[in-house]
Amino acid sequence: MSTQLTPILTDFWDDPQSWTLATYEKHEGYQGLKKALGMKPEDLVQMTKDSGLRGRGGAGFPTGMKWGFLPPPDGGPRYLVVNADESEPGTCKDIPLMMAAPQFLIEGVAITSFAIGCNHAFIYLRGEVVHVYRRLLRAVEEAYAAGYLGKNILGSGFDLDVTVHAGAGAYICGEETALLDSLEGRRGQPRLKPPFPAVAGLYARPTVVNNVESIASVPPILLHGADWFTEMGTEKSQGFGIFSLSGHVKNPGQYEAPLGITLRELLDMAGGMRDPNKKLKFWTPGGSSTPLFTDEHLDIPLDFESVAAAGSMLGTRALQIFDETTCVVRAVDRWTDFYKHESCGKCTPCREGTWWLKQILGRLEHGQGDEEDLEKLLDVCDNILGRSFCALGDGATSPITSSIQYFRDEYLKHLELGHCPFDVRESTLFHKDRVTA
Amino acid sequence: MAGDNFGMQTAAGHLTVAAESKEPYTAEQLAGLDADAAQVIARYPQKRSALLPLLHLVQSVDGYVTGRGIDWCADKLDLSTAEVSGVATFYTQYKRHPNGEYTVGVCTNTLCAIMGGDQIFDEVSEHLGIGHDETTPDGKVTLERIECNAACDYAPVVMANWEFFDNQTPESTKALVDDLRAGKDVKPSRGPNKVCTFKQVSRVLAGFNDGLADEGVGAGPASLAGLEVAHEHGWTAPKAPKADSTKADDESADNKSSDNKSADAKTDAKADAKTEAKATGDAKAPGRHTSGNAAANDPDEKPTAQGTLFDDGAEGKGKEGKA
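Going down the list, the protein sequences come from chains A and B.
In case it helps, numbering that gives the first Met the number 0 puts the first sequence at residues 0 to 436.
In case it helps, numbering that gives the first Met the number 0 puts the second sequence at residues 0 to 322.
Quick caveat, the hints were computed from the structure, so don't treat them as lab data.
One should not assume that every hint holds.
Label-pair ranges, simulated between beta-carbon atoms [stated by the list, open to error]:
| hint | chain 1 | residue 1 | chain 2 | residue 2 | range |
| --- | --- | --- | --- | --- | --- |
| 1 | B | D74 | A | G417 | 53 to 61 Å |
| 2 | A | G75 | B | T235 | 39 to 47 Å |
| 3 | A | P76 | B | D137 | 47 to 55 Å |
Backbone N, C-alpha and C define an ideal beta-carbon position, used for all residues, glycine too.
Chain B on its own, in the form it takes in the complex:
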């Protein structure tokens, strides 16, 4: 894989796709995929929702998103191949060329980079002789720079097939990739007893539990840092007023926040009145509605003076309303 131009774009923007990527699945592969797809599709009210898991499933068989995989997803979900490709190329976990057996991702977002991620990436890159999104000649390790993986209290963090390796150093990560290339079992800091292969992990990401949930720790040391301080000082959460006092709680709460409540009620009534009329928007064929032009669109609806009528779409993004 290394050495050829697979997955590369030409100057004209054409993607080089090997002929093998389009070779049809064997009858056996197809039977397995189809059976799995039926299970995945059954999880959702509309079948298009199954596209992300199905692409993970394609990677569990092919090791990347192949041409035949795109054809198969399109066929299963009644989509065009262009629609499937559009989705497959949007998300970074979908690989456009054959991936190594292990993806080793070094977090080089700001905090990890500063805590040593940059140095880890550089040293491991030199050690392996490959750069970002490149694979070792033995097909074992694909090296990546990754974005924040929500383990900043363990910085610098390295992910091997999306399992956590906490508080890494250049030495520990070089040892990790050496072990992976040598075929040794490798145990993450927080995860199962050994790192699974890229294809195995892709199958889990398609929603097929591999039964390893009970392996590994519940929480690493940093996750417990606050709890330990609390234990040391004998701090606990306040006790509830009474063990079982549903009614009393509700009533006192009612009285207490009556001011807020009347404001809420007004807003509610307004929202309700507005929405009642249009909530009956015409039904769309399953998997076929265009979300951007939902029938319930009301051009006159505006955020309130507080900035937002609902959450400003910033859940998880640390943003309040626009300034």
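If we strip away everything but chain A, and leave its shape as in the complex, we get:
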């Protein structure tokens, strides 16, 4: 095994009080902020660009460049909004990070705000994780009390307020402009771009929207230097990231590693497949919106370029692993149900398209319909991809087109038999216990 794990953000999650400020300070906490406050904001932006840090929320856009897009200060407010609306199916890295070590995020918010000239930052957390909200509220309270937030932070003259805001259940609010509308007290629907948030974001003011893990990575980068960060990862996908393994693996969980690690290596670390006699069938490299991979793709380096070259996307590094007991049509049907449910209704291709996709997939899973339905699915996908208002519509097509590409025969098998060929019980976590009991 060539690649080793690099616990950085996950380093002290096993501390009994990992979420407190005291624990964080024992692990270099807020030393990055102290260093930052002695630097020029533009040097901080440059350092982030030099580090090569790319957005950890899925799209992989260079974080420092995003900061650099803000127009020059005009005397009015500028905002940092942290996207903590983690809800892409399979993605489960930001929630445990904020549960176990929320101060990483708070310090990152303080440094980033200083770098971009923001005096009021927001963390938009999805509303369905109330204990994480408690931890964030507490972390902000502790940071205020210690003088890391508030007026004249550490005597620097820099002021920063942080508001932690809870959403109310809507996948679309993870789309950055929908998130801004939601934060403004509206229905969470995406905005036309341009103008991009950097120009007209929250309250039509210049705004940076960054993912939790991106911002949490800033303090260690600042403390140890851009070089330290670029030493990890690949040439174009630098640094580390949290890889989330779930599904039919022996030890699902969070594995923090340099970008470019392979699933084969990760699976090895995670103890292999749950049942060694059951082969890996398909997996998502970065959530349900990224085209499926199969066991052919085990050795693809999980970095932005290699995954894209193989026809998918690194996304959020949400590695959902399914073994051969799983019906791919059922999996895709359920994801499609999700996109239909979560479509915000703003644009026609997504609103109508996801509904029709669900109708067709629903009947295919039950062995009804005919082979032409596969072409119809692909045709509907073609009418959504690139024609919907935001990336949610595009994402809805990924599992469908990729599953037809790799598993057309399995769709046909459903039609041949007139029902799903799989026993749904076999793929469950508790199947074995029940059989032996």
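With chain A held as given, fit chain B onto it using these hints.
Positioned in the frame of chain A, the structure of chain B alone reads:
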């Protein structure tokens, strides 16, 4: 609540709303709500941003979004009731009919469903005799199918009032709902020492900390899986070149990525030049600007050849630019 048509739509699309939903708040309730609202509104530069927390606050008093709650939000934020209703009906956590004391949500998104969520939902549904978004006759438990709740490494997952119950089985979830109905204290896998009521949790979601943050674990076993492997092998993150070498770091980094930098600088300059002129867009009354028609709109601005000028709005969505 069960049995009547409350919250149901007629064929014509009219929502059945009970008269009680419109009954005015008592003076005491109103005083409490108004005091809380003042605190919530003070958190935001524009008061409309307080709408989501205020709707959570309404649920903390009424147990769902009532007619009177909508009137009250509209009044507090200078909005029409239609604007408030439009928001309240968009988000799934806002309940349109009285909710049980505990919402039990079984994740039936793909991964959890396959790992057993479907079977859990079916068995619990049969056990309780209720379906999705229905409440037991004793008003204790509302059963829901929920979407991915960001705990896939603990699949199948069940949420009780938005606290995590990890690695569930049909048996464990049936025991959970039985305990909740019997009024027993129930402890989540990762969360406070006991599950709070729907109304209590709604108040936290409005941003009022209940002081329970220090209860429960920092991380569950799956969250620590990678860290344990690293400990076993003695793996750590690389050490920084020198303990304190700000200058050296910066300089070497500067030299190293000068190619990238010049490209960045060009893009920056372009973006800056474009934005400078229009950043001075006319000011709107607080809480009143229409975000879709922001003054800074520039029809000629286009994404770059790389696909995106900025992030393609896909933060958290696992999407690159459009194909």
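Next item on the list: Kindly confirm whether 53 to 61 Å is satisfied by the beta carbon distance between D74 of chain B and G417 of chain A.
Entry: holds (58 Å)
Next item on the list: Evaluate the given range 47 to 55 Å for the C-beta pair formed by P76 of chain A and D137 of chain B.
Entry: holds (50 Å)
Check: That 39 to 47 Å hint for G75 of chain A and T235 of chain B (C-beta), does it hold up?
Finding: holds (44 Å)
This entry satisfies every hint, going by the numbered hints stated previously.
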